[in-house]
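Chemist: Construct the complete structure from the given sequences, taking the supplied hints into account.
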Amino acid sequence: MELLQQVVQQLINGISLGSIYALIALGYTMIYGIIKLINFAHGDIYMVGAYIGFFAITQGGFSVVGALLISLVTTGLLGMLIERIAYKPLRRAPRISVLITAIGVSFFIEYTSMYFVSPTPRTFPQMFGDVAVSFAGIVINGQQMLILGITAVLMVLLTYIVQKTKTGKAMRAASFDTETAELMGINSDRIISITFGIGSALAAVAGVLVGIYYNSIDPLMGIMPGLKAFVAAVLGGIGILPGAVVGGLILGVVEALVSGFFSSTFRDAAAFAILILVLLVRPSGLFGKNTKEKV
Amino acid sequence: MAAAKKSGPMLAIDNIDVFYGAIHALKGVSLTVNEGEIVTLIGANGAGKSTTLRTISGLLAPKTGSVKFLGKDIAGMKAHKVVAEGISQVPEGRRIFAEMTVMENLDLGAFIRKDKEGIEKDRKMVFDRFPRLLERKDQLAGTLSGGEQQMLAMGRALMSRPKLLLLDEPSMGLAPLLIREIFEIIEDINRTGTTVLLVEQNANMALSIANRAYVLETGRITLTGDAKELAASDEVRKAYLGG
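Chains as they are written, first to last, in the numbering used here: chain V, 48 to 342; chain E, -18 to 224.
It is worth saying that the hints were derived from the structure and are not from the lab. Virtual Cβ for every residue (Gly too), placed ideally from N, Cα, C. Treat the hints with caution; some may be incorrect.
Claimed, not checked - Using 20 Å as the maximum straight-line C-alpha spacing, the simulated SDA-like pairs for lysine to any residue come out as follows:
| no. | chain 1 | residue 1 | chain 2 | residue 2 |
| --- | --- | --- | --- | --- |
| 1 | V | LYS213 | E | ASN185 |
| 2 | E | LYS44 | V | ARG139 |
| 3 | E | LYS44 | E | GLU80 |
| 4 | V | LYS213 | E | ILE100 |
Claimed, not checked - Derived Cβ-Cβ restraints for the label pairs, each shown as a range:
| no. | chain 1 | residue 1 | chain 2 | residue 2 | range |
| --- | --- | --- | --- | --- | --- |
| 5 | V | VAL178 | E | GLY74 | 38 to 46 Å |
| 6 | E | ASP169 | V | LEU124 | 12 to 20 Å |
| 7 | V | PHE309 | E | GLU80 | 35 to 43 Å |
| 8 | E | GLU165 | V | TYR207 | 51 to 59 Å |
| 9 | E | ASP109 | V | MET271 | 25 to 33 Å |
| 10 | E | ARG94 | V | VAL120 | 25 to 33 Å |
Modeler: Next up, the structure:
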């Protein structure tokens, strides 16, 4: 009985953490889908999102929702700006050049942030600390409810945008075949920019939520979750949106179970063992089809 | 402006040079298409037929020369803007959006339009012309047969209500009976007021429905004239019509 309780408790912890990975992984996978770039700066975007949320709450006196909205919009715009400056000029360059640029952008964001906000970790104000629901010995605290609720809303919203709106259709068309999308009158540069905006906004929300969950943020906080979200995206099948969500949740649950039942020391090892396993057994990921050559 | 539209050809390509990296794909190509015509561009594989179409639709930019459509220079204009000028291309190999439904593919064809009623009307027109697409409207486009995919690609291109339709190898990979059907549809599209520029390897079929033809050889126009006359000429018969 106690074991079952523990398992369920770790599942809840894992799904909360996994939701964060899912939000970051969505951006990775959307950007990969449309320009075939593993945007290694994506984790740093998430960090910037966390800081914007932090300052909105501590300096601006905004509520959590207000801070989330400010961070979402500002970081989304920042993502679009980065794409415009760093990646757009490389549209016809070899993929490796763009990848190296992404790594450069990553360092640039990390160390520019350090200059402005100092490398010292900041403490997020305590929020929802006293809110908690407990049921049969299992506890869901306020932060977890916030994470699950916000993530669920964003998933529904994103699904609606991608499946139903004209822009969403254009996004799917452009990620399937950019050139033919252009022949339909779709401005692919604009669609790529919007994709960076949405992806960055999702990462920003993840950043603020993590700040609230773990209380501590620092300029290098994006590196590990960035890599983990990359693993999540690959696990689900890179370029596939539901894959990123499922991949993120699986990763979060595995990590929680490993730290709950073995030792948190092995948490990161477990995540990367998953990556190695996926690459060995099913390189196209859980949801990925074997890529067919287009005729 | 209106006078300019009436006089002169609908599309006038003048002396264009196009490069793919270091490869000189088109060398001083000139051609015209008049309103209401079917013009065909025939030639062997690699002669530059697709390159010509891709230059018109804006996927490629010519290094020199001009491409004028209804009097406006569109050389080097981005592809998504060329569509708005009234040119729609059915790309080689159909290039339908395989992971989207037939309906979504058609909607994407109408991407630049905002007149909901007109779009609805044209969708009906496409379904009248290709009844098989109506039967399969909620199916993923990738599950269609080759002929149906070609019809979808053509229907999709018509959804932007083009003045000029560019067709790149519509017969590719299709059974003879289906090719005949596709060509009848092309003639019908033309009769209802759409000008057609057709690129084909199947020179026989192309010449049988076209008003005029151009023969392209390694990036140069080598012959031009009335389609019926070209079909009868020894030179063309030997090179492209198998005797």
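Chemist: If a hint holds in the structure, say so; if it does not, say that too.
Modeler: Okay, the hints, checked on the actual structure:
1. V:LYS213 / E:ASN185: At roughly 41 Å apart (the allowed maximum being 20 Å), ASN185 (chain E) and LYS213 (chain V) break the hint.
2. E:LYS44 / V:ARG139: Status holds; Cα separation ~17 Å.
3. E:LYS44 / E:GLU80: Answer violated: LYS44 (chain E) to GLU80 (chain E) is near 36 Å, above 20 Å.
4. V:LYS213 / E:ILE100: holds (14 Å)
5. V:VAL178 / E:GLY74: 38 to 46 Å: Check failed, 58 Å falls outside 38 to 46 Å.
6. E:ASP169 / V:LEU124: 12 to 20 Å: Check failed, 49 Å falls outside 12 to 20 Å.
7. V:PHE309 / E:GLU80: 35 to 43 Å: Hint holds: Cβ distance 41 Å, inside 35 to 43 Å.
8. E:GLU165 / V:TYR207: 51 to 59 Å: violated (42 Å)
9. E:ASP109 / V:MET271: 25 to 33 Å: The hint (25 to 33 Å, Cβ to Cβ) is violated, given that ASP109 (chain E) and MET271 (chain V) are roughly 58 Å apart.
10. E:ARG94 / V:VAL120: 25 to 33 Å: Given a distance of about 30 Å, which is inside 25 to 33 Å, the answer is holds.
Comparing the model with each numbered hint stated earlier shows that hints 1, 3, 5, 6, 8 and 9 do not hold.
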